[in-house]
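There are 2 protein chains.
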Amino acid sequence: MKKKGDLVSFRPDIKVVDCTLRDGGLVNNFFFSEEFVKDLYLTNLKAGIDYMEFGYKANKDLFDADKFGKWKFCSDEDIRAVVGENDTKLKISVMADVGRTNFQRDICNKSDSPIDMIRVATYIHTIPAALEIVEYCHNKGYETTINIMAVSKSNDSDLDDALELIGRSCVDIIYVVDSYGSLYPEQMRRLASKYLECAEKYNKIIGIHAHNNQQLAFANTIETLTMGVSYLDSTVSSMGRGAGNCPTELLLGFLKNPKYKITPVLKFIEKHITRLKEEGVVWGYDIPYLLTGRLNQHPRDAIQFTADKRTDYAAFLQHLYDKDSF
Amino acid sequence: MKKKGDLVSFRPDIKVVDCTLRDGGLVNNFFFSEEFVKDLYLTNLKAGIDYMEFGYKANKDLFDADKFGKWKFCSDEDIRAVVGENDTKLKISVMADVGRTNFQRDICNKSDSPIDMIRVATYIHTIPAALEIVEYCHNKGYETTINIMAVSKSNDSDLDDALELIGRSCVDIIYVVDSYGSLYPEQMRRLASKYLECAEKYNKIIGIHAHNNQQLAFANTIETLTMGVSYLDSTVSSMGRGAGNCPTELLLGFLKNPKYKITPVLKFIEKHITRLKEEGVVWGYDIPYLLTGRLNQHPRDAIQFTADKRTDYAAFLQHLYDKDSF
Numbered sequence: 001m002k003k004k005g006d007l008v009s010f011r012p013d014i015k016v017v018d019c020t021l022r023d024g025g026l027v028n029n030f031f032f033s034e035e036f037v038k039d040l041y042l043t044n045l046k047a048g049i050d051y052m053e054f055g056y057k058a059n060k061d062l063f064d065a066d067k068f069g070k071w072k073f074c075s076d077e078d079i080r081a082v083v084g085e086n087d088t089k090l091k092i093s094v095m096a097d098v099g100r101t102n103f104q105r106d107i108c109n110k111s112d113s114p115i116d117m118i119r120v121a122t123y124i125h126t127i128p129a130a131l132e133i134v135e136y137c138h139n140k141g142y143e144t145t146i147n148i149m150a151v152s153k154s155n156d157s158d159l160d161d162a163l164e165l166i167g168r169s170c171v172d173i174i175y176v177v178d179s180y181g182s183l184y185p186e187q188m189r190r191l192a193s194k195y196l197e198c199a200e201k202y203n204k205i206i207g208i209h210a211h212n213n214q215q216l217a218f219a220n221t222i223e224t225l226t227m228g229v230s231y232l233d234s235t236v237s238s239m240g241r242g243a244g245n246c247p248t249e250l251l252l253g254f255l256k257n258p259k260y261k262i263t264p265v266l267k268f269i270e271k272h273i274t275r276l277k278e279e280g281v282v283w284g285y286d287i288p289y290l291l292t293g294r295l296n297q298h299p300r301d302a303i304q305f306t307a308d309k310r311t312d313y314a315a316f317l318q319h320l321y322d323k324d325s326f
Numbered sequence: 327m328k329k330k331g332d333l334v335s336f337r338p339d340i341k342v343v344d345c346t347l348r349d350g351g352l353v354n355n356f357f358f359s360e361e362f363v364k365d366l367y368l369t370n371l372k373a374g375i376d377y378m379e380f381g382y383k384a385n386k387d388l389f390d391a392d393k394f395g396k397w398k399f400c401s402d403e404d405i406r407a408v409v410g411e412n413d414t415k416l417k418i419s420v421m422a423d424v425g426r427t428n429f430q431r432d433i434c435n436k437s438d439s440p441i442d443m444i445r446v447a448t449y450i451h452t453i454p455a456a457l458e459i460v461e462y463c464h465n466k467g468y469e470t471t472i473n474i475m476a477v478s479k480s481n482d483s484d485l486d487d488a489l490e491l492i493g494r495s496c497v498d499i500i501y502v503v504d505s506y507g508s509l510y511p512e513q514m515r516r517l518a519s520k521y522l523e524c525a526e527k528y529n530k531i532i533g534i535h536a537h538n539n540q541q542l543a544f545a546n547t548i549e550t551l552t553m554g555v556s557y558l559d560s561t562v563s564s565m566g567r568g569a570g571n572c573p574t575e576l577l578l579g580f581l582k583n584p585k586y587k588i589t590p591v592l593k594f595i596e597k598h599i600t601r602l603k604e605e606g607v608v609w610g611y612d613i614p615y616l617l618t619g620r621l622n623q624h625p626r627d628a629i630q631f632t633a634d635k636r637t638d639y640a641a642f643l644q645h646l647y648d649k650d651s652f
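So the sequences go chain by chain: A and B. So the first sequence is numbered by my numbering: it starts at 1 and just counts up by one. So the second sequence is numbered by my numbering: it starts at 327 and just counts up by one.
Be a bit skeptical, because a hint or two may be false.
With a cut-off of at most 30 Å between alpha-carbon atoms, the simulated DSSO-like pairs for lysine-lysine come out as follows [claimed, not checked]:
hint : chain 1 : residue 1 : chain 2 : residue 2
1    : B       : K635      : A       : K267
2    : A       : K110      : A       : K60
3    : A       : K91       : A       : K201
4    : B       : K330      : A       : K3
5    : A       : K323      : B       : K582
Chain A is nowhere near these chain B residues, computed Cβ spacing over 10 Å in every case [unchecked claim]:
hint : residue
6    : T414
7    : M475
8    : R626
Chain B side only, calculated, beta carbon under 8 Å to chain A, not exhaustive [as the list claims (entries may be wrong)]:
hint : residue
9    : P511
10   : E575
11   : T600
Don't read these hints as lab results, they were simulated from the structure. The model shown is predicted, which means the values in this text are computed figures rather than measured ones. C-beta atoms are modelled at their ideal positions from N, C-alpha and C, and glycine is treated no differently.
Sequences and hints are given; from them, build the entire structure.
Written as structure tokens, this is what we have:
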């Protein structure tokens, strides 16, 4: 695959998608302060970020609204309270999970909503259900993405079939997602190459959503970017479930487009992230995440191990091996 | 450049060099407990590590022996007190810095020493002085390396000349070193390619020593490894100056040679690294290191900023910009 762009110039097709509230919300059940959310919005504006993802469009019939902050549900009213009419270059996105969203009820016409893009997260076996949501949202006027999760567990021919199906749909953007942070750059490039072939054939855009279990989220993001991937997910200070995500501050340090500014993000970290960490909110690369990532497992056991403040890493690894052997 | 090896098999030419004492010693002035050093030696044996670097052969005329632990000086006696005759597969290395070592006095015949390999760290303008040490050590019977520091500050033609000079010497191994943690995988591959051409021409081996300022130490190590680099420096839990190094536990998770075992390293981390961190010894990726790395600067200002427990990152970035503009 030919290299796109170089280390001196920049590609105008690159878009940075801030997922701090959405993926970070998995760390604190979406209980962000009003000030955090407002400041993050202002930070993204100043930093030249292209999209800000506010959270999920979860179905309140399925999730108890008392147990989660409002960004689990992302009503248009709650978003508007932060962004007003959002008369800016920063677009707004939300995520809808297959089976966890009542899209017919909760997603109105784009013309009546502050939301610009709806991203649909799906496993490979629920792609038809994902495409149903995509088509619905597309017809309502939104940009749409499909984020195929856990591809590190899929086989190549299933993925080929999935990409054909998605390619023929009306979706705008297809995301390479390393759900378990298990993929090495060589594997990410191979995957991205497959997705980019589909993009070429069906005139789609490819995005990347990386996790940092093996300290590879940033490396995998910039490596696939160089190949032509253009929607880049990141979070401030890597905030996200488990080992977290590609850190926005590293990504903005790499990107050469002068519209991207790192200083607003540094100021946000000073004010908000250092405080969150002092309050004991925990995420980011650590040994247990390396171990689940390396074994291509869901991080849930590592999250529990970390929450329990355990440090018996060798026993934890044995536990993961034992799980894998049944 | 052709890819060497794949993600399933392994290359027997790969050697892992544990630099925990040497690079980690820059964090705590080499004041490691006896138990730490002994346990690290036993860990390396069990983990299948190929080399253990004990520290520096610093000149006691230049450095006050009261201000540093003994691994700044690495006398044969001190090493022997840990390893005895070291009748194992684990080789012992030490580092000699150009201008900071009295090699004629402090380095005896290999046959009388527990040390197997002497690594010479040099800037590009002191390569003739480095080659003098290399030749001396080679003639005494040691394996030798040259580690060219700060290549991210050198221009290509100087580096070409340097590699020619080194290629024609008796040195065994030449190291690609990312002193400031400033290099992206694309740049590391380009550098490694240059070094590997020299290796091909002059029958040398290439090694890599990466720093983690931009969370790229592991990625850069495995990317260049795939190209044919075979000596891989790492430290337990990334312990090393500033942002630290390529973490041994990530590297062993990647390598497929069954002789490498991650569990002994996890046990060492449980016992020793968690304690060091609780005692307040600080290293590892953090915002200030990202900023010096991105600007291709020595990490000393970031180390001071971190030691001062400052979090005014935006002001720190401005300070780095100002420095660069004089």
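Checked hints:
With a CA separation close to 16 Å, the supplied pair B/K635 and A/K267 stays within the 30 Å bound. Distance restraint check for A/K110 and A/K60: the Cα-Cα separation of roughly 21 Å lies within the 30 Å cut-off, and the hinted pair is therefore satisfied. About 27 Å separates the Cα atoms of A/K91 and A/K201, which keeps this hinted pair within 30 Å; it holds. As the CA atoms of B/K330 and A/K3 are separated by approximately 21 Å, the hinted pair is consistent with the 30 Å bound.
Restraint check: the Cα-Cα separation between A/K323 and B/K582 comes to about 21 Å, which is no more than 30 Å; the hinted pair holds. Under the 10 Å C-beta cut-off, the non-interface status given to B/T414 relative to chain A holds; the minimum distance is some 22 Å. No beta-carbon of chain A comes within 10 Å of the beta-carbon of B/M475; the shortest separation is about 22 Å. Under the 10 Å C-beta cut-off, the non-interface status given to B/R626 relative to chain A holds; the minimum distance is some 19 Å.
Below 8 Å, beta-carbon pairs count as interface contacts, and B/P511 has one with chain A at about 6 Å; its hint therefore holds. Because the beta carbon of B/E575 sits about 6 Å from the nearest beta carbon in chain A, less than 8 Å, this interface hint is met. Hint status for B/T600 relative to chain A: holds, with the closest Cβ pair at about 5 Å, below 8 Å.
The structure shown violates none of the earlier numbered hints.
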